[in-house]
Amino acid sequence: GAGVSQSPSNKVTEKGKDVELRCDPISGHTALYWYRQSLGQGLEFLIYFQGNSAPDKSGLPSDRFSAERTGGSVSTLTIQRTQQEDSAVYLCASSPWVAGPRGTQYFGPGTRLLVL
Amino acid sequence: TQLLEQSPQFLSIQEGENLTVYCNSSSVFSSLQWYRQEPGEGPVLLVTVVTGGEVKKLKRLTFQFGDARKDSSLHITAAQPGDTGLYLCAGGDNNAGNMLTFGGGTRLMVKP
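Which chain is which? The protein sequence lines are W and E, in order. Each number in the working numbering corresponds to the 1-based position in the first sequence with 26 added. Each number in the working numbering corresponds to the 1-based position in the second sequence with 1470 added.
Bound-form chain W, shown alone:
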């Protein structure tokens, strides 16, 4: 379909290893967001990309987290030296740029990360 896709859907890793999570936004959407969701909880904002502007990294919890968006499309969230507290569902969303509050964010199914 034409929705937001994320890969992998599930990832199990050992403490201390690096992981890369991928997000393919809806074609033409200029804004892309990464969120983290702990079990059954609300969403914690991580990082926001809008067009060619510098990303808003204000939500990244530590310098072990980084993200990039190549060519204004696909984005990769990298977590270095993973810790058990990094275990969560990582959600990606994209939206068309709409000035003001009406932009709808379309979410992918998420990547479930488990750090052992």
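Calculated from the structure, these hints are not laboratory results. Some clues are possibly wrong.
As the list claims (entries may be wrong) - Coverage of chain E stretches by chain W, computed from C-beta distances (three or more under 8 Å per stretch; other residues unrestricted):
(1) 1510–1523
(2) 1569–1581
Said to hold, decoys possible - Some chain E residues near chain W, calculated using beta-carbon distances under 10 Å:
(3) 1476
(4) 1477
(5) 1503
(6) 1558
Quick reminder that beta carbons are idealized off the backbone N, C-alpha and C, glycines included.
Could you slot chain E onto chain W? The hints should help.
Below, chain E alone, put in the same frame as chain W:
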């Protein structure tokens, strides 16, 4: 920092009952969105309200934005098992582009 608090956190009711979920903040938001999330999926937008006092209806769901744009409520009439899921409110800020602040969510279970 803007915060949104949702209540209750958990709600288990019988089919046919009515319920209300609340979303409260000390901050003013430009807009308030409600999402519903099912297990293994991302949140899906239900409604956006932007005007203080605004009421929107979506079949059996009624959404209200407080007059001061600091709070919102979601009322479900005659709940059905298909309404089961995690309901999330999210506040938007005109000064932060399309950035959203999410509440902690209300997990609803409707038993047949």
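Self-check item: Residue hint residue 1558 of chain E, partner chain W, criterion CB-CB below 10 Å
Solution: 6 Å, holds
Self-check item: Agreement of hint residue 1503 of chain E with chain W interface, Cβ distance less than 10 Å
Solution: For residue 1503 of chain E, the interface hint holds, since the closest Cβ of chain W sits about 8 Å away, which is under 10 Å.
Quiz item: Does residue 1476 of chain E pass the interface hint, meaning its C-beta sits closer than 10 Å to a C-beta of chain W?
Solution: Check passed: Cβ of residue 1476 of chain E comes within 8 Å of chain W, closer than 10 Å.
Practice problem: Test coverage of the segment 1510–1523 of chain E by chain W using CB-CB distances below 8 Å; three residues minimum. | Solution: holds (count 8)
Exercise. Tell me if chain W covers the segment 1569–1581 of chain E under the three-residue, 8 Å CB rule, please?
Key: holds (count 8)
Quiz item: Does residue 1477 of chain E pass the interface check with chain W, least Cβ-Cβ distance below 10 Å?
Solution: 13 Å, violated
Violated hint: 4 only; the structure is consistent with all others.
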